[in-house]
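Colleague: Start from the sequences and build out the full structure, keeping to the hints where you can.
Taking this note's numbering, the leading residue of the sequence shown gets 187, the next gets one more, and so forth.
Rather than coming from a laboratory, the hints here were simulated on the basis of the structure. Please note that the accuracy of each hint is not assured.
Said to hold, decoys possible - Taking CB as the label site, the calculated pair distances span:
1. Arg300 x Thr223: 17 to 27 Å
2. Arg300 x Val198: 47 to 57 Å
3. Gln236 x Leu282: 11 to 21 Å
4. Gln189 x Glu220: 57 to 67 Å
5. Arg238 x Val196: 51 to 61 Å
6. Leu267 x Pro214: 29 to 39 Å
7. Leu267 x Thr227: 45 to 55 Å
8. Val271 x Arg213: 18 to 28 Å
9. Leu237 x Leu270: 30 to 40 Å
All C-beta atoms in this analysis are idealised placements derived from N, C-alpha and C, irrespective of residue type, glycine included.
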Amino acid sequence: MPQEPAERRVVVTGPRRGARRASGYYRPQTEIDEQTTLGHTYVRSLMRTQLRAALTVFAVLVLLVGPLPLVFATAPDARRLEWLVLGFCLYAPLVLLARWYVSRAERNERDFVRLVEDR
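Modeller: Below is the structure:
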C-alpha cells in the first residue's frame, strides 16, 4: 500500500504586501476627492452640522441681546444701566457662547475627519 503524503498547512497572517485591495473597497475620502454624489453628501452633512451650531449661537445671541434696547428705553437712568449691562453683565456670556461655538465646530470637524479616514 502506498503511503499518503501528510497534509500541508498554510498559515495566512495578513494580505500580501504587493497585493491590491479589492475593487469593492469603500473609501469616503476618494468619494469626496472625486466629487461624487456620495462625497457631496458627506460635505453637505458637515456643512449642515456647522450651520446648525451657528444658528444655535445666533438664536441665543438674539435672545440675550435682543431685548436690551427695550430695557434701556424703559429705564429712567439708562446711561449707567447701559454701561453696566453691556460692559459687565453681557461680556461673560458672550465669551462663553463663543467658546462653546468654537469647541462645537472643532468637534464636528474631528468627527468628519474620523469618518473620512475610516478610523
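Colleague: Against the structure shown, which of the earlier numbered hints fail to hold, in ascending order?
Modeller: 2, 6 and 8
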